[in-house]
Amino acid sequence: MTSETLPDSGTIRDRNSDKSALVKAGLKRRYAAERRFRAYGVAGILFGLGCILLLFYTIGSNAIPAFTQTMLRLDITLDPQDIDPDAISTANYRKIVRQPVRALFPEVTSRRDKRALAAMLSPGAAYAVRQMVIDDPSLIGKRISILVPLSDDIDQLNKGAIKASSDETERRVSNKQIAWFERLQDFGLVETVFNTTLFTAGDSREPELAGIWGAVVGSFFTMIVTLALAFPIGVASAVYLEEFAPKNKWTQVIEVNINNLAAVPSIVFGLLGLAVYINFFGLPRSAPLVGGMVLALMTLPTIIIAGRAALKAVPPSIRDAARGLGASPLQVTTHHVLPLAMPGILTGTIIGMAQALGETAPLLMIGMVAFIVDIPGGVTDPATVMPVQIYLWSDAPERAFVERTSAAIAVLLGFLILMNTLAVFLRKKFERKW
Amino acid sequence: MSLSLILGTLSILTAIGFYMGRSRALVSADGDSHRLHSRPHYYGYYVAIWCGLPSIMFFGLWLAFEPNIVTSLLIDSLPAAQQQLGDAELGLLLNDIRNLARGDVTSREAGPELMAAAGYYNSLLQTSKLVLAAIAATLAVAGITFARTRIVPEMRARNFVEKVTMAALVVCSTIAILTTIGIVISLLFESIRFFQKVSPIDFLFGLEWSPQTALRKDQVGATGLFGAVPLLAGTMFISLIAMCVAAPVGLLAAIYMSEYASPRVRAWVKPALEILAGIPTVVYGFFAALTVAPFLRGTGADLGVDISSESALAAGAVMGIMIIPFVSSLSDDVIRAVPQSLREGSYGLGATQSETIKQVIIPAALPGIVGSLLLAVSRAIGETMIVVMAAGLAAKLTINPFEAVTTVTVQIVTLLVGDQEFDSAKTLAAFALGLMLFCVTLVLNVIALTVVNKYREQYD
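Chains as they are written, first to last, in our numbering: chain A, 1 to 434; chain B, 1 to 460.
Here chain B stands alone, though its shape is the one from the complex (with noise of 0.2 angstroms):
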């Protein structure tokens, strides 16, 4: 029996109960729908409530703990000898049991004993679904049975039925709570076990990046080392020279969109400049990769300099790219919101337009223009694409832009694509970085956001 057939069967069973409820209403109060408390149809919706609430709450939390369940009763009816093995050990074998009933290729020979374990998941499988089926259909039917005796024409149904709704309302909006709980619990808890391994003092003041894990005891740089400056540093190298791209295109385009532009010429400009933001990341990637990344070195070799194919001005400047709408649009809207007064004063006293935007509008707007500014830093720490295509791997100390530097989000990505156990410092490292990339662009945006909502106020 399938999951959506399950599904399916219990959505079916929750309109059926949507109709007997409405009619039974109706029923009870001859017909005469005046005589209800509520509209009919808040009586269908009160015996759906019942019918459909508690049977796919079910469903949901069943699916939810199944695979465990499923798994400790498979490790329970395994011989003695293979449930002392270790974990990583044991997860090969429960995989190679569930590729086995899936009827999938296995890593090991299938004896007898394997056989054995396949079959007895599938049966549980089987079982699992079952009872699921069984108990879910129950639970519609009793809700329904139970809903409908309750309708009488005095019953408050529509009441009931807002209370549930505002209650779901309310769960909904916690959802956004809880991603970023979940967020920083996840985070927090693969770093606290990479600190566990690595010394958080070495992570975060060490000056060496090369996190291979060792195949070998005796091999070369077995340990590895997680010293997370030099991507720090190429990090911050290359939203540097991100924002010396976007910081001055942007606050001159806003300057000339919000006070020499037309209202038309603007109306054209501002959503072809924000087609920029709305680009994917890959493709910028791409184009570095592909366009300037190579013009870049052709140009250096004409010129005599040796630039990286993965410089991170390339990558830097085509991040750039990417961020001069966030600096431009967010620029635009506070410099309007500079009250006339200021400008028409500054023009009494015979400055020129430019002098004005120099020595009035600018100041005015300085803290929302520097708010605008830290987005788009944040914006350029955390993007991920174009480095991961466009720079390097190797991390290095360096401030030659023309040399490859890494990134922290390359890093994540290098570390945690492909395979992975989960149990190794080099993968644990991934979720440390995350912290770090977390943490820090949650307090530049805090700042900025406060900046910019504080400096709004200031004028309304």
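Next comes chain A alone, as it looks inside the complex (with noise of 0.2 angstroms):
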């Protein structure tokens, strides 16, 4: 019966020649499909590569005209009826820088003009003169020589941003004033220098004089809290939780809560913050306390998890021998196993840390997202963030505020990746193979 089912050798061959000639046509397709899957893969790096080198080209080409200024060589005379010796600092000083600039130009009479050639200039520039004089009263009766800053729209059209072939009505900047800074210009009063109000100065409505200076400051106080708040509690738990916690319900719970803990969002924080710190604990609105102590919650799972993954790394014989030679538990793990996880568990707190330094939203909760000039001097004052800041310049609708944008975020990033390399190099650099 089976001898009839089978089918003679002959056939068989047939058959798997045929076979391994439809395998042999199929090879070429499934070799083609092998590497266009290897070719998705690749893209898909790529795409994300390119999506850094972009956003890094845009923020890094946008930043690079605000370390720059354009600024006015005037030569004042500082006459003593204009500025009364004993009342210096209430001297009329934006007539006094006025003055100068209205010499150089002595057709421009009618009000309108007048007034559109003084906008040319920043407020800043009377403050200059003021600080200046103030600074050394004997000036006054001199002739100076100083460096005022233009207005954000002149330097705009002296970066370029604002181009002068565009049409009038779409320019911030009139015909008239780009021929008074032309004329500037060949006198040979405008120079460009380098911005440095931008890390001096605190926050200002007038891009020119704005500076991150006071939320680099207020940045500072924020993570000092936090560091202070989240470093030594997040060690701790971490220490219990890894050695000595029993392994209970108890301890299972925290350990499920700083998981999640560590993925919930961060305006959630905010919300805490808002509620319990400034509604319950009535502490000041916008203050580095309030938002480095909000911070720290957010910081504090990072620095448990990474602290929990250092000690785990430390081997038992470590302990066994310094329990062999007498030492209680607690000196075995402060004398032993601490120090030696103590680079991973640094580690794990920088990037804790560089999180915290870049977030934004639960601080917007707790007001640190007011305008505030004054540099902060302490941890109760009213300040704000890099970040906030960057968020605030963002939304101001001046065009200098832009670059203004893009080179505080240069400024950030900066530090974050100095804190990111700081970690790698702690990382490699203790890494201990046991």
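Derived from the structure by calculation, the hints contain no laboratory data. Nothing here was measured: the structure is a model prediction, and the numbers come from that model. The reader is advised that the hints may include incorrect statements.
What the hints assert, rightly or not - The calculated BS3-like cross-link candidates involving lysine-lysine, where the alpha carbons are at most 30 angstroms apart (straight line), are:
#	chain 1	residue 1	chain 2	residue 2
1	A	Lys176	A	Lys163
2	A	Lys142	A	Lys114
3	B	Lys396	B	Lys426
4	A	Lys312	B	Lys454
5	A	Lys28	B	Lys358
6	A	Lys249	B	Lys163
7	A	Lys312	A	Lys249
8	A	Lys95	A	Lys114
9	B	Lys270	A	Lys312
10	B	Lys358	B	Lys454
11	A	Lys176	A	Lys159
12	A	Lys114	A	Lys163
13	A	Lys24	B	Lys358
14	A	Lys247	B	Lys454
15	A	Lys429	B	Lys270
16	B	Lys163	A	Lys247
17	B	Lys454	B	Lys270
18	B	Lys197	B	Lys426
19	A	Lys249	B	Lys454
20	A	Lys19	B	Lys358
21	A	Lys114	A	Lys176
22	A	Lys114	A	Lys159
23	A	Lys312	A	Lys247
24	B	Lys270	B	Lys358
25	B	Lys396	B	Lys197
26	A	Lys95	A	Lys142
27	B	Lys163	A	Lys312
28	A	Lys429	A	Lys312
29	A	Lys428	B	Lys270
Take the two lone chains, each set in its own frame, and fit them into one complex as the hints suggest.
This is the structure:
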């Protein structure tokens, strides 16, 4: 029966060769599919890397102009008639800085043109002269030469962001102002210098006077508070959970809880800070103290998880040896295990702090979004932080704030890269194979 | 007397206590430290604990409750007519008194009564500081004296110090729990107040969101509509767009990194992609608003499509870029955890590498991949700054990616940034939204973490 159904050997050979022909024909298709699939993978990676490059390129190319500023060299006679030596700070410095500019353009007579001419100077020009006179009252009666900032629109014109060729109604600088500015350039009075204001001043409504220093100091105080709270508490929790905690329901709850806390949206921590710290405990709004406390709660899970991993990596033989020499459990931990785990814990802490430094949303909730000109002097002064400053500036309508926002981002990214490099360096340097 | 001065004094007293305790122990053992039960510095810590712990705890408690006590004393001192004022007006009055006491500008004419109240407030604060300093210093000194008398060579100082340290460790490890409880309670508490004003059914199923509060009673739309459906829909829509970018890119990158790339390439590419996760979200928001949205708008104009400058597409796409590493890194780990024997079995049957990946590896790693996708979704739902800066404010129910939609997080920020009064439904709505956000992300996280963990154990 079976012999009837079995085909003879010749047909088997035929069929096999048929099959191998089929397989061979299919192979080409399959190898092509293989290559396509690999290419998709490469494309995915290249897309991701391309996004990084595009992001950095956009920020970088927008930021570069912000590092220079267009200034005007003015020769000013500090007439004692204008400045009363007994009331130096209240003299009309706006008039004093406008006079030499008007003197350069005697043909400008109408009220409107005079105002347009004066608008080319930044309000900071008057402040600069005022500060100079307050610092050295003996200058009164002398003729001084001083560099004063031009307004942000003229600055943008000089940098080419506002094109003179565009239609007059589409730009914030009038044709007359462009002509005056070109005359000033011909006089050799316009200078482009490094923008120190950006790095020394607090926030301002005038882009040419705005700086990130206030935000940098605010970020610094906030980070100090965060570190002071999150690091000790985080390390203590990690040590307890990893070294001492009995393995029971309670510690399991804590563990699940920490993992979930690490994934709670940051804005929820802001709501917690608003409801508990500000409304319940009555702590001040906009203060780095509260911001730091909120960010500490956010950073805590990161530090605890990294700390536990680092402690787990210390081999049990170290513990056994120390215990064998008569050390108490706490001494084993503090004298031996913790120092060995410290590089790992520090790496986790730095990464957590880098996250906290870039965090914005929870700080908006606790009022760190206010417009603050002064440089904060302590953890309870109203302050803002770098990311919030970026957010505020990105909302500002002035064209000149775009480049300053990018510059602030560049500085923030610089700090983050520095911190992450430090973390990588620590990990590489102290990485230990047991 | 400033607070930092008090705290500084307490710290110095504690340090003095440490040295006194240590020398006392040595003296009690006639200078022979071997006769002591514990090493000498443990006696120092013993005294320092007795000195610092009670006084600094008292200091903290005092600071926590001082404002409330001082305020209630101040209210008691006010004339009866003012005590009868409503909460809001009383709050304003108290604020004025505080500002006046600090020398700031007040919103009203500073009459003699107000001046007197401000003077009283200042004197209350002064007294409070003095009392605090006195009690804290007394506690510290009493602690030192008490602890010193107890030091004898046989005393088990180390055991005491270790017990206190262990207690401190336990307290620290419960802070994470307290944070969660704090989040839940504060959100619940404010949400309940919100639901007393707006019915939960209107909130959960209402199709209109326009939370403006009325300045006048007869204003149009004075009541405010709190239907959260458009917000939820907007959030889901933007997250969906984000996942359309992140899921394919992230998965393909993960597959390439784990299956094809050489270890050297992988060692470079994986951290490089993770840079995307380390960039602050406010930077992405700026990028979306400055570069991507105008680009899309321009492209749309060229193609004759009207694309809003706050389109869901721009916000979603940039958010997708941000969450690429959340998908790629976790999926990469999961795919690498698939045992080598599965791959070799498949190769032995004649499958090509890509066929093995598609038909063996991916199905085997599927639970983990789903977990990583869920974590990425939860990240996208909770993301705030990108949508605040690049998405719209108007709540609209639409599935057109070129139109502006708004999200839960955007609304929380707009409701809470700026001036706020704490009993309006508008402000409380933010907490109800926060509670919703917390619950949704919590559920997603729990599912994702459970799936990932369970799956990992399977192959270990």
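Here's how the hints hold up against the structure:
Pair hint A:Lys176 plus A:Lys163 holds up; C-alpha atoms about 14 angstroms apart against a cutoff of 30 angstroms. About 26 angstroms separates the Cα atoms of A:Lys142 and A:Lys114, which keeps this hinted pair within 30 angstroms; it holds. A distance of roughly 18 angstroms separates the Cα atoms of B:Lys396 and B:Lys426; the hinted pair therefore holds under the 30 angstroms criterion. At roughly 21 angstroms between alpha-carbon atoms, A:Lys312 and B:Lys454 fall within 30 angstroms of each other, so this suggested pair holds.
Between the alpha carbons of A:Lys28 and B:Lys358 the distance comes to roughly 18 angstroms, so the proposed pair stays at or under 30 angstroms and holds. A threshold of 30 angstroms between alpha carbons decides the hint, and for A:Lys249 with B:Lys163 the separation of about 23 angstroms falls inside it, so the pair holds. Between the alpha carbons of A:Lys312 and A:Lys249 the distance comes to roughly 20 angstroms, so the proposed pair stays at or under 30 angstroms and holds. The suggested pairing of A:Lys95 with A:Lys114 holds, with an alpha-carbon distance near 12 angstroms, which does not exceed 30 angstroms.
Distance hint between B:Lys270 and A:Lys312 is fulfilled; the C-alpha atoms sit about 24 angstroms from each other, no more than 30 angstroms. Distance check on the hinted pair: B:Lys358 and B:Lys454 sit about 22 angstroms apart at the alpha-carbon level, within 30 angstroms; holds. For the given pair, A:Lys176 sits about 18 angstroms from A:Lys159 by alpha-carbon distance, which is consistent with the 30 angstroms threshold. For a cut-off of 30 angstroms, the pair hint linking A:Lys114 to A:Lys163 stands: about 23 angstroms separates their Cα positions.
Restraint check for A:Lys24 and B:Lys358: satisfied, since their Cα atoms lie roughly 21 angstroms apart, inside the 30 angstroms limit. Taking the CA atoms of A:Lys247 and B:Lys454, the gap is near 19 angstroms; set against the 30 angstroms cutoff, the hint holds. Taken as a hint, the A:Lys429 and B:Lys270 pair is honoured in the structure, with Cα atoms around 20 angstroms apart against an allowance of 30 angstroms. As the CA atoms of B:Lys163 and A:Lys247 are separated by approximately 20 angstroms, the hinted pair is consistent with the 30 angstroms bound.
The hinted pair formed by B:Lys454 and B:Lys270 meets the criterion: a straight-line CA distance of about 25 angstroms does not exceed 30 angstroms. Proposed proximity of B:Lys197 and B:Lys426 is supported: the alpha carbons are some 10 angstroms apart, at most 30 angstroms. Restraint check for A:Lys249 and B:Lys454: satisfied, since their Cα atoms lie roughly 18 angstroms apart, inside the 30 angstroms limit. Taking the CA atoms of A:Lys19 and B:Lys358, the gap is near 24 angstroms; set against the 30 angstroms cutoff, the hint holds.
Between A:Lys114 and A:Lys176 the alpha-carbon distance is near 11 angstroms, which keeps this suggested pair within the 30 angstroms criterion. Annotation: proposed proximity of A:Lys114 to A:Lys159 holds, straight-line Cα distance about 24 angstroms (limit 30 angstroms). Straight-line distance between C-alpha atoms of A:Lys312 and A:Lys247 comes to about 15 angstroms, which keeps the hinted pair within the 30 angstroms bound. Restraint check: the Cα-Cα separation between B:Lys270 and B:Lys358 comes to about 22 angstroms, which is no more than 30 angstroms; the hinted pair holds.
With a CA separation close to 24 angstroms, the supplied pair B:Lys396 and B:Lys197 stays within the 30 angstroms bound. Using a Cα cut-off of 30 angstroms, the hinted pair A:Lys95 and A:Lys142 holds, with the two alpha carbons roughly 17 angstroms apart. Pair hint B:Lys163 plus A:Lys312 holds up; C-alpha atoms about 23 angstroms apart against a cutoff of 30 angstroms. Taken as a hint, the A:Lys429 and A:Lys312 pair is honoured in the structure, with Cα atoms around 19 angstroms apart against an allowance of 30 angstroms.
Annotation: proposed proximity of A:Lys428 to B:Lys270 holds, straight-line Cα distance about 17 angstroms (limit 30 angstroms).
Every hint from the earlier list agrees with this structure, and none is contradicted.
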